[in-house]
Each structure stands twice: as structure tokens, then as C-alpha cells.
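S.K.: Position in the sequence shown (from 1) plus 33 gives the number in my numbering.
Worth flagging that the hints you see were computed from the coordinates, not collected in a lab. Ideal placement from N, C-alpha and C gives every residue a C-beta, glycine not left out. Do not rely on the hints blindly, as some may be mistaken.
[Said to hold, decoys possible] With beta-carbon atoms standing in for the labels, derived distance ranges: (1) K118 - N146: 16 to 22 Å; (2) G151 - D96: 27 to 33 Å; (3) P128 - T150: 20 to 26 Å; (4) A152 - D96: 21 to 27 Å; (5) T150 - K118: 31 to 37 Å; (6) E214 - M80: 36 to 42 Å; (7) P94 - N183: 39 to 45 Å; (8) L197 - P128: 35 to 41 Å; (9) V148 - Q81: 18 to 24 Å; (10) L198 - R147: 21 to 27 Å.
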Amino acid sequence: RRLGYTLAAVLPAAAFGLYFWLGSPASLVAGAKAPDAAMAAAEHDFMQLVRQAEEKARAHPEDGGAWVLLAKSYAFMERWPEALKAYEKATGLLPQDASVLSGYAEALAIANNRVLTGAPMERVRQALAIDPDDTKGLELAAVHAYQERNFAEAGLYFKRLHQLLPPESPYARDILASQQE
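Work out the full structure, taking the sequences as your base and the hints as a guide.
M.R.: Listed below in C-alpha cells is the structure:
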């Protein structure tokens, strides 16, 4: 359940970041004036971005960044089998990128009925060895410790994660509540 709440908080933020990076932010201003039209335009723009990411990954299969972008897009859309395949490609091309490893771990866990034991945790450990402040890695490590009923360890991971977040963000409040629990 915590993984679900956390994903619900993180994935929209990632989508907006992706949208601002590759999309048309001006359509958000129009959205204030016409919410339905803006939502349709944003959805269309996002799907266009996904198609562009697919084309770029196919055209340049050696471009790890293209595979990461595609994997994160699929994950946002909850197209987990496609996200898993894209993360497999990305980790092969970027084996020392902590965020790619932790994203891959998440996709592996979701494909495995949200169980983090085994291969997903191996990737989490690799990610945290590369970057001890990898937020997704810390989140997944905390969730795994919680699943294993190792509440003290889960609390430590949640505490480390909370220290990295903007204190007033809803995600930070959720993490703090998880830590306190």
C-alpha cells in the first residue's frame, strides 16, 4: 500500500518534469482558462512525447537516456511490461546510474506482484551503493524492510528519505508519517 501511495505522489511529479522538459508548457496557461481543452491538449501532448521517445529509442538503440525517458513514461502510464523492457535496455547501457537501477527495481517488483525480495532488492542495493541518497532506492528499501517486518530498518530508510525532501511537500509528509508508523 505504501508503495502505491508513494508512486501516486512521485509519478505525477515526474510526468510534469518530463512535460516541461519536452512538452509544451504554454498549454498549461491555456488550461487555467479552459480546463477541459487544456487536459485534452496535455494528454495529447504527453502521448506525442511518448511516441517521440519510442521513435528515438528505436532510432538510437545505444542511447541510454532515450531508454530511460521511455521507461519512465511507460511507468507513469502504468504500462509496466513495457517499462520493464525499457528499463532492461537502460540498465544495460547505464549500469552505474542509480536512478535507472532503482526504477528498474520498481518495475521488477511490480511485475512480481509488488514483492521486492530477490532481484528487485539486488538492484536497490546496487543503486544505493552508487548513490546513498537515491530517493527511489531509499523508498524501495524502506518498503522492503517494512514488508519484511523489520520496522526499525524501515524507519531509518524513511528518515534518510525524509531528510532529502522539501519539508512541506505532501510526499515528505507521507514519508514522515510512514517513518513515525
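S.K.: Does each hint fit the structure? Answer for all of them.
M.R.: Hints and how they fare:
The hinted window of 16 to 22 Å between K118 and N146 holds, with their beta carbons roughly 18 Å apart. Checked against the hint of 27 to 33 Å, the C-beta distance between G151 and D96 comes to roughly 29 Å, which is consistent with it. For the hinted restraint 20 to 26 Å between P128 and T150, the CB-CB distance of approximately 22 Å keeps it satisfied. Our hint of 21 to 27 Å for A152 and D96 holds, since their Cβ atoms are close to 25 Å apart.
Range check, T150 to K118: about 22 Å between beta-carbon atoms, so the 31 to 37 Å window is missed. Separated by about 38 Å at the C-beta atoms, E214 and M80 satisfy the suggested range of 36 to 42 Å. One distance hint, 39 to 45 Å for the beta-carbon pair P94 and N183, holds here, with the actual separation near 40 Å. Here the CB-CB span from L197 to P128 is close to 23 Å, at odds with the stated 35 to 41 Å.
In this structure the hint that V148 and Q81 lie 18 to 24 Å apart at CB is violated, the actual value being about 35 Å. Checked against the hint of 21 to 27 Å, the pair L198 and R147 passes, with Cβ atoms roughly 23 Å apart.
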